[in-house]
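Since the structure of chain P is provided, determine the placement of chain V on it from the hints.
Protein sequence lines, in the order shown, are assigned to chains P and V.
The numbers in this note's numbering rise by one with no breaks, and the one at position 26 of the first sequence is 38.
The numbers in this note's numbering rise by one with no breaks, and the one at position 100 of the second sequence is 112.
Hints were generated in silico from the structure; no laboratory data involved.
Here the structure is a predicted model, which is why all the values come from computation and not from measurement.
There is no bait here: all hints are sound.
You can't tell identical chains apart in this list, so a pair holds if it fits in one copy or across any two.
Using 27 Å as the maximum straight-line C-alpha spacing, the simulated DSSO-like pairs for lysine-lysine come out as follows:
1) K180 <-> K201
2) K47 <-> K263
3) K180 <-> K241
4) K201 <-> K263
2 protein chains.
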Amino acid sequence: MAVYFSEEASVEAVTARVGTNVDPRLAQVMACLVKHLHAFAKECQLSQAEWETGIAFLTRAGQMCSEERQEFILLSDTLGFSMLVDAINNRRPAGATENTVLGPFHVSGAPIRQMGDNITLDGKGESCLYEGRVLDLDGNPIEAARIDVWSDNPDGFYDVQQPDVQPKWNNRGIFSTGPDGAYRFIGIKPVSYPIPNDGPVGQMLGHLGRHPYRPAHMHFIVTAAGYQKVMTHTFVGGDPYLDSDAVFGVKETLIAPFERVSNGSTLWRSPFDFVLTRS
Amino acid sequence: MAVYFSEEASVEAVTARVGTNVDPRLAQVMACLVKHLHAFAKECQLSQAEWETGIAFLTRAGQMCSEERQEFILLSDTLGFSMLVDAINNRRPAGATENTVLGPFHVSGAPIRQMGDNITLDGKGESCLYEGRVLDLDGNPIEAARIDVWSDNPDGFYDVQQPDVQPKWNNRGIFSTGPDGAYRFIGIKPVSYPIPNDGPVGQMLGHLGRHPYRPAHMHFIVTAAGYQKVMTHTFVGGDPYLDSDAVFGVKETLIAPFERVSNGSTLWRSPFDFVLTRS
Numbered sequence: 013m014a015v016y017f018s019e020e021a022s023v024e025a026v027t028a029r030v031g032t033n034v035d036p037r038l039a040q041v042m043a044c045l046v047k048h049l050h051a052f053a054k055e056c057q058l059s060q061a062e063w064e065t066g067i068a069f070l071t072r073a074g075q076m077c078s079e080e081r082q083e084f085i086l087l088s089d090t091l092g093f094s095m096l097v098d099a100i101n102n103r104r105p106a107g108a109t110e111n112t113v114l115g116p117f118h119v120s121g122a123p124i125r126q127m128g129d130n131i132t133l134d135g136k137g138e139s140c141l142y143e144g145r146v147l148d149l150d151g152n153p154i155e156a157a158r159i160d161v162w163s164d165n166p167d168g169f170y171d172v173q174q175p176d177v178q179p180k181w182n183n184r185g186i187f188s189t190g191p192d193g194a195y196r197f198i199g200i201k202p203v204s205y206p207i208p209n210d211g212p213v214g215q216m217l218g219h220l221g222r223h224p225y226r227p228a229h230m231h232f233i234v235t236a237a238g239y240q241k242v243m244t245h246t247f248v249g250g251d252p253y254l255d256s257d258a259v260f261g262v263k264e265t266l267i268a269p270f271e272r273v274s275n276g277s278t279l280w281r282s283p284f285d286f287v288l289t290r291s
Numbered sequence: 013m014a015v016y017f018s019e020e021a022s023v024e025a026v027t028a029r030v031g032t033n034v035d036p037r038l039a040q041v042m043a044c045l046v047k048h049l050h051a052f053a054k055e056c057q058l059s060q061a062e063w064e065t066g067i068a069f070l071t072r073a074g075q076m077c078s079e080e081r082q083e084f085i086l087l088s089d090t091l092g093f094s095m096l097v098d099a100i101n102n103r104r105p106a107g108a109t110e111n112t113v114l115g116p117f118h119v120s121g122a123p124i125r126q127m128g129d130n131i132t133l134d135g136k137g138e139s140c141l142y143e144g145r146v147l148d149l150d151g152n153p154i155e156a157a158r159i160d161v162w163s164d165n166p167d168g169f170y171d172v173q174q175p176d177v178q179p180k181w182n183n184r185g186i187f188s189t190g191p192d193g194a195y196r197f198i199g200i201k202p203v204s205y206p207i208p209n210d211g212p213v214g215q216m217l218g219h220l221g222r223h224p225y226r227p228a229h230m231h232f233i234v235t236a237a238g239y240q241k242v243m244t245h246t247f248v249g250g251d252p253y254l255d256s257d258a259v260f261g262v263k264e265t266l267i268a269p270f271e272r273v274s275n276g277s278t279l280w281r282s283p284f285d286f287v288l289t290r291s
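Okay, chain P solo, but in the shape it has when bound (with noise of 0.2 Å):
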């Protein structure tokens, strides 16, 4: 093998210099990315001022991060990279409720609730009651599953967005089943929202003419003792933006009815099963 860097050898001369005593994963990983991103110059023959744009463009997108900005899990959001890495991780039988994207917005230690609260503080938005069962694949009802659960509030915002607005826990809340594995709580009818498009990415979806918003969804995070750990939305059927979600996060398994309680009601009613497996 050549001692010198060679447009034909490029990735052997950059995995050759690895060490000895380094992780072997880490090694795999490292390789494998240098690999792929090689063949990504090499079929396109990448300009040097397409460089640039790229070296400009990951600049701007670590400058915009903050505590309350991810410019690059945005970024992976929309390139399709986290729901992959998602479904990679969590391949699942038939019949169990599958993954979408966690998103930015969740934050732990929301408070205990009772089953039947509302958690809905600000009294804005079309109330909504949320019920259904936490189900091993059998059908089995799953007790003490923990259930939390959050969302937008009628103007797109999440309450972290909006601290001097929202109240805090504003549309968030966790629950715990009982022997009959259901959950019931009424928040809101959540609305489809623009993910933030101010920055970097913003751009890049407009130069791809490409729209920023995510179809309306509540997120839930279901978690038993003995079964893996389900992250994932409903999403609000009917919504149109569920087959151009920004961050491709719809799968039809998740698309749940929304519908009037009864006829001349105010409330909504969406009813949703959870199915475990087992870890």
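Just chain V, lined up with the frame of chain P:
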């Protein structure tokens, strides 16, 4: 083609989202990027924790960038990506002087010098006479070629890295050839130095068992009307890092002799001819 994202059709799901009226080259480069990024995650079955490590790495790299520091260029350099892009865009016939990386320390507007001038303003280091000719592929001298040169000082720093220590334009200058195509100036015999390694790229090199050193080199940008720009270094023959340059910049044809002008002299001499191809 399915409407929703799936592991199998992840690339198609993302690429199908690109709108109309999009710059075709941008669409091509992004489709190629998505294809290879997804192939990377699939081939190495990237875990969620590894994805998080990658996001955190990119974020730290972005936050390290400033007017004086470009961590993403360092990343590109140390993964061989910069040299690859340069190679793709600067294929030349045998006999023509090869390119190498620009590096982050070039400054436009260096002083114009007369042939024979000494560009070392701090009086430090071992003086070296650089001389040779700028030629075309047939060996004819090129008149009015512009030679922009720069190097570190014997402490391994460029003037811009030590604005309070080194005189401005120390070890930098621009020369213009006469009808004989010859150049001649005094600089120092440069020294090897580490790339900035107090950031995430330095950590990466450490984890990969790689050192951060570059073999000693003199930078040259040679331009002439009607010819392709040559952006290159000459490397000090015998340097211990020639076969392990942290940024893969060494090519065999760029290793130059550095020898004493005469027995007992303290002056070094490094002869090197630059051969340009028509643009």
